[in-house]
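Student: Same order as they appear, the protein sequences are chains Y, L and P. Numbering of the first sequence is given in the working numbering, commencing with residue -3 and proceeding in unit increments. Numbering of the second sequence is given in the working numbering, commencing with residue 755 and proceeding in unit increments. Numbering of the third sequence is given in the working numbering, commencing with residue 14 and proceeding in unit increments.
Keep in mind that the hints were calculated from the coordinates and are not lab data. Small disclaimer: the values here were computed from a predicted structure and weren't measured. Backbone N, C-alpha and C fix where the C-beta goes; we use that ideal spot for every residue, glycine too. Watch out, some of these pointers could steer you wrong.
[Stated by the list, open to error] List time: in silico SDA-like cross-link candidates among lysine to any residue, alpha-carbon distance up to 25 Å:
#: 1; chain 1: Y; residue 1: K281; chain 2: L; residue 2: D1280
#: 2; chain 1: P; residue 1: K172; chain 2: L; residue 2: D1280
#: 3; chain 1: Y; residue 1: K255; chain 2: L; residue 2: T1182
#: 4; chain 1: P; residue 1: K22; chain 2: P; residue 2: E44
#: 5; chain 1: Y; residue 1: K134; chain 2: L; residue 2: I902
[What the hints assert, rightly or not] Output of the computed footprint for chain L on chain P, the stretches with three or more beta carbons under 8 Å from beta carbons of chain L:
#: 6; segment: 116 to 128
#: 7; segment: 327 to 339
Residue strings, one per chain:
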Amino acid sequence: MKRTILILLLAVVFVLSGFTPGQAAKKVLHIYEAFDTEEAQYYIEAFEKETGIDVVYVRMSSGEVLARVEAESANPQASVWHAGSNTSHINAASKGLLAPYKPKTDFELSGNLRAEDWAWTGFYSGAIGFVSNTNFLKKKGVKAPTSWDDLLSPAFAKNVALAYPYTSGTAYTTYATLVQMHGLEKALDWWEKFDKQSIHQYTKSGTGCIPMVGLEEVAVGISFSHDILAKGVNKGYPVVMTFPQDGTGYEIGGLSLIKGGPEPELGKQFIDWCFTVKAQNLFQKYNRLPVNPKATVEKGSVTLDQVKLIDYNHIWAGQNKDKLVQAWRDRIGK
Amino acid sequence: MAKQGSNRQEILANLRLIWKEPLLLVSILAIFYFLLVFVVYPIFLVFKTSLIVEKQFNFSNYLAIFSKRYFYQPFLNSMILGACTAFTGTFLGFTFAYAITRTPIPFKRFFRLAATFPIISPPFIVSLAAILLFGRSGSLTPFVQKIIGEYSIYGLGGLVLVETIAYGPIAFLVLHGVLQAIDPALEEAAMDLGASRIRVFFTVTLPLAIPGIASAWLLVFIESMADFGNPMVISGDFRVLSVQAFLQITGMYDLSRGSTLAILLLAPTLTAFFIQKYWVSRKSYVTVTGKPTGATIRGVEWYIKLPAYASCFLFTGIIFLFYGMVIYGSFQTLWGVDSTLTLRNYVMMFKVGKDYIVDSLILSTLATPATGILGMFIAFLVIRKKFIGRRIMEFVSLLTFAVPGTVVGIGYILAFNQRSLMFPFILTGTAWIIVILLIFRNMPVGIQSGIAALQQIDPAIEEASSDLGADSNKTFIKITLPMIAPAFFSGLAFSFVKAMTAISAIIFVVSGRWNLITVAVLGFVDNSQYAQAAAMSLILILIVLLALGIIQMMVNRIGKGARSITVVD
Amino acid sequence: MRPDYLVLKNLVKVFGTGEKTVHAVNNVNLEVKKGELVTLLGPSGCGKTTALRMIAGFEIPTSGEILIDGEDMGATPPNRRPTTMVFQNYALFPHLTVFENIAYGLKIRRSTAQEIRRKTREIMGLVGLEGFEERSPAQLSGGQQQRVSLARSLVMEPKVLLLDEPLSNLDAKLRVSTRLQIRRIHQRVGITSVYVTHDQDEAMTLSDRVVIMHKGRIVQTGTPQEIYAYPASRFVADFIGKANFLESRVVGMASGNALELEIMGNKFTAAVQKSTFSEGERVLLVLRPESVKLEPKRPDTLTGTVREAVYLGSQMVYEVDVAKKIITVEVANPHACMVFRVGEEVTITFQEKTLHILPYEEAS
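Chain Y with its partners taken away, still in its complex shape (with noise of 0.2 Å):
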């Protein structure tokens, strides 16, 4: 009796050390992942169906997945970072943590969506747009917000909702637009006044708000078009998306392969695939634009010449994230 509880707890060690036997002849792909454990569900089984490769692939946000990287450095536990806006792939490359790769593509990358050197190459893209719950709207009898002093407005008092700039790669593309409209004084002279008059609350990700718009939990939320439509619009909720007219900010989808990964050639392969016409007609199910000029665009899709974009500095962005970050804790005191 003693030998068989001995025997089975051998066995319970093994399997929660990730010993499988048998799993080593399968191949296995580590990813850090920052699309919705829904999305990014949707795009993984895809490749896994097309190519036999097994994923395995931890959640976070941007924020969080730079983080990560920066800890492990020493020992990186995945091979991939999908997703997440290029600011954070940018600041990681400048911190020597990424490894340059050329992806094979049918098409020519400009140079806008990609590192000079490769470290990272951007896959999808979209405007930062703002979404407002439709019954707020006739109840107050406003319109919804098309500008970004539109915020400012008592209409909105306290019924804004985002994420926290250093969590979030959309609230921190939100932030650096404003600074690269208006300057770093100017832009924290006008968000203190945000903070103080228009925000209800800061979410943890993203996309938070925007159901809670969808809910009324909030009036207004700011975050990218395609997560408006695919996670406010099409979802059913009594939300409408506008822009601002006086300029807006928009982010490159990233993609990178880690430096010192476990898998470098597994994840060649990935990053490959998520620029293929098949992988990128995938996007239409949640809205995002594509960069493969042969993939089909969905309906109701904003298209980033439809909107008034600022010049945008990626590189910029990228590799001031940690002083615009502290300068805006500095200033918002949260």
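Using the hints, position chains L and P against chain Y.
Tutor: Frame of chain Y; chains L and P shown alone:
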């Protein structure tokens, strides 16, 4: 000279006794090692990290505490929240306990059951229910707005409401025990001498209960400060330390500042713990031996009945309302938008959420017996054996009770992210770190119930076993364990519940491969997917109830003959 | 001459530290011969139980030695000592049957199943518990539990058997019958035993020798007769049986180790075993109530007034005021002799050989 020599001879002799039992010696050393590595070391690392800024050792974080709003604001907020909740929770717990022990209120067992419900469910379910009821699109919001106008459930008010419901039962349990143990003869004597009921209350009952009240206050304070799940859901812009520390670490990976916030969180809770354990509980005039003395209950005047009954009915009503809401919410299609009832959420749970459920069950089931046995063994060593460092062992093993989960979680990722002299394995990403975290976090539960059970046993019985030739381990296994079996199993039950509902420490150490139900629920709430959160929460509660039922059945089967006989002739 | 089997040498046990130290056992020396039953007798707090627990190994001596059959027990833990103890509350294992309780130690010793069965049955027969094998302790009466406890210790055939007030939880009649039974068992089995009690009747019934302890020290060792007839101090005299104390003075030395004493003007002669007293010395006379006779008052005698007269059936107990001191007098078979009433004046007489003389001590 003689005195010094005497102590040394005794100490040496005690040591020699332990030496003669190698198994015991090894066990003691092993436990010291585990406590050092899994309890002390992580906390120490948090402290050390808070002193390292830009890879240099300095105090700048602590100097910044008073100047940087993002430090002192959360600290003040947490303290205010803690104090408010402590007052409301203790008041509620006291009136409830008074109603049950001193008035002829009907359905006592039912009320007591309802009161303990929040203890066995994950604490942030109450927040979830609050949003479903009183949020912007809450079911009761229109009615409440008619009464008090515009309001927001997010923030300090909502948090106090929610935490009072979640932690008031803890105060209730403490105060119930205290009121039960006050000798009814004292109150009867006062009445005999002419005192009215009110006078008896203010001159006899209340003064005797004050140490208990202070204890309850401190315990609720600690729980509120350490609360992570509820503030994550419902704090709005009212930032508290636990959440801020979490965001610093996982959002910015600012270990230095995150650790500082964690230390700011640790200081008040540790202080409260010390005050409670080493000062307040010593001042008790009332020894809670677990033997209810059965206070006499008389027909009571209306001015006593009214507040007491009101408190009971109100609180129980709220519990039913809240948990009922969660059940109702779980069947909705899209909360706040589409309220057609559906089973879709549960179907999704079993498809997508199946992994979370299985993981939670596996990890909790692994951790629970270890918690129980380890806790029981440490209780045995601390109470029955004499060796150097015994008091230290007791203190350290109870320490995790006072340390907020946030601090422990951060400590664990700091400690086990790389190999070190203390511990040559990397644990992050494995199941082990989760299991070990659960074991050492919940160990105080096992130890406390072990100590209580052991104190009921006549030490002569264990001495008799030793006298007849059994060494310490044999005595423990053949004599002690069977006799404390009922207490052991209830300790197991409680540990399992705590393991399944853990969130504040666990959230730091979950990884791609191993994930827990509570983390999934928080994720749903984060995305405002309230119906799914409700469904998952309900499944969790059902699992916990099932486990409790099974353990209760086992206790009933094993309980025969395990009571100590009292010699009465 | 039988050898010393159990030896306590300069045994000391101190509890507490700093200012609040208590010398529970204060320099105790004792030699117990093989097969002897020695009782440690004394009021509560005198150190007898502490001393017993040190022999068993449950307390560690502050200093001093314990030797059993020549071996120093200092480094031996309780489970390896050749001693077994009968506990005051019996300490039966509630989850085991009577048989399992008794067999417990034999199982630890790894005796064969056959041996265990044989020995256990045998001992159960000895204590009178046949047929009780499958009962659980909760189903037994106090006296039966006590016998199980005794059997459990005896079956181990220890070198020294220790008994810690084993009868104190029994009612009076049961105590009397059980202690006789213990005496009989001891005479049959012959194990060296140390018995602790505060009940002097028990001590007198069971012991080969009695050791009186007071405040951690041994004040007298001897057979029951020696202790009773020749108490070594006022404390012992007062503790064993009842005693009257009269103050007196040595007024002369008579021949053959006899002393002349004067009590309130009356002269008596008393024989002593050895004369360590000098002329003129103040002494204390110990007088047992049953040795005092009362007669109607006569002149020139020691006289007193009866203050209380209590009829107890088999005896009359008087309290007589002798010069403001109260003397207790017990008269057996009151129907056969004269009965005195309260207020009567009487003459007090006693046989000289029933007098015991101690150096003068104040009452403590």
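Student: Any hints this thing doesn't respect? Which numbers, in order?
Tutor: 2, 7
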